[in-house]
Amino acid sequence: MIDVVDLTIPASADLVALARHTASTIAARANFDVEEVEDLRLAVDELCVSLVHDNDDGSLALRFVRDDDTVEVSCTHLAGPSGQLDDPEGFATDDLSQRILDALVDEHGQEDEGGRRRAWLRKRRVRQQA
Amino acid sequence: MQVEDRFSVSVGPDEGCTVVSVAGEVDVATAPELRNRLLEVISGDSPLLVVDLLDVTFIDSTALAVLIEALKQSDAKGAVMRIVASEPRILKVFSITGLTEIFAIRSSRQEAIAG
Chain A
1 MIDVVDLTIP ASADLVALAR HTASTIAARA NFDVEEVEDL RLAVDELCVS LVHDNDDGSL
61 ALRFVRDDDT VEVSCTHLAG PSGQLDDPEG FATDDLSQRI LDALVDEHGQ EDEGGRRRAW
121 LRKRRVRQQA
Chain B
131 MQVEDRFSVS VGPDEGCTVV SVAGEVDVAT APELRNRLLE VISGDSPLLV VDLLDVTFID
191 STALAVLIEA LKQSDAKGAV MRIVASEPRI LKVFSITGLT EIFAIRSSRQ EAIAG
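Sequence order for the protein chains is A and B.
Counting in this note's numbering, the first sequence tops out at residue 130, every number present.
Counting in this note's numbering, the second sequence tops out at residue 245, every number present.
Here chain A stands alone, though its shape is the one from the complex (with noise of 0.2 Å):
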């Protein structure tokens, strides 16, 4: 069975614990252990940080889907009423970020959907449940 998810938050600091949280729940149902779990609600934190500027009043479209033993999430970076688009010369990577993220997901990346920063990741379940 597939779990889609889908969370919208506004893009403010305060309630990205809001998709830490979401994580965690998906992570359970994949089976993930205690430690994938962690690591797991920690790169999705990243995804959403790296999204997440001051003074932002946009939001941020999150879906969750749990396949079997994997999960993948993608963030989405919508602009508010200001209009406020993001930085049109690309993403400001943050070298602890990508290191955080390169060590606990399988695989991760951001793209550019016309004017929209999304950021994604995968994580397969490794560890066999006893």
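Just so you know, the hints here were simulated from the structure itself, not pulled from any lab data.
Quick list of in silico lysine to aspartate or glutamate cross-link-like pairs, EDC-like style, CA-CA up to 20 Å:
| hint | chain 1 | residue 1 | chain 2 | residue 2 |
| --- | --- | --- | --- | --- |
| 1 | B | K222 | A | E35 |
| 2 | B | K222 | B | D185 |
| 3 | B | K202 | B | E231 |
| 4 | B | K202 | B | D175 |
| 5 | B | K202 | B | E170 |
| 6 | B | K202 | B | E163 |
| 7 | B | K207 | B | D175 |
| 8 | B | K222 | A | D106 |
| 9 | B | K222 | B | D135 |
| 10 | B | K222 | A | D95 |
| 11 | B | K222 | A | D33 |
| 12 | B | K207 | B | E170 |
| 13 | B | K202 | A | D95 |
| 14 | B | K222 | A | D102 |
| 15 | B | K222 | A | D94 |
| 16 | B | K202 | A | D94 |
If you want the ones that stay clear, here's a sample from chain B, every Cβ over 10 Å from chain A, calculated:
| hint | residue |
| --- | --- |
| 17 | D144 |
| 18 | P177 |
| 19 | D185 |
| 20 | K202 |
| 21 | A206 |
| 22 | S216 |
| 23 | I235 |
| 24 | S237 |
| 25 | Q240 |
For every residue, glycine included, the Cβ atom is placed at its ideal position computed from N, Cα and C.
Guided by the hints, dock chain B onto chain A, whose structure is given.
Below, chain B alone, put in the same frame as chain A:
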């Protein structure tokens, strides 16, 4: 959110050093407050700053960036900064980012104060 995840930071003296005790989740929302408290402490004259993360339940890249900045500021003032952490999931974040090579991390406050 569990009660134990709520962020807090307190500052106090301990055996001739200044200890910044942090609890809960340090993320993009709460890291700015930690930054302000750390920089406030560093602007003082304490030769040793101990950042106690034993009650921290979550850190991300924004938290690490704050700690790196604090370390640089401490170095610039000729002060020493050490971190106390023992929770495996917290130590893992330092490890995967290579920051165990940069920070002096001890598993207890006593060890951090002693050196």
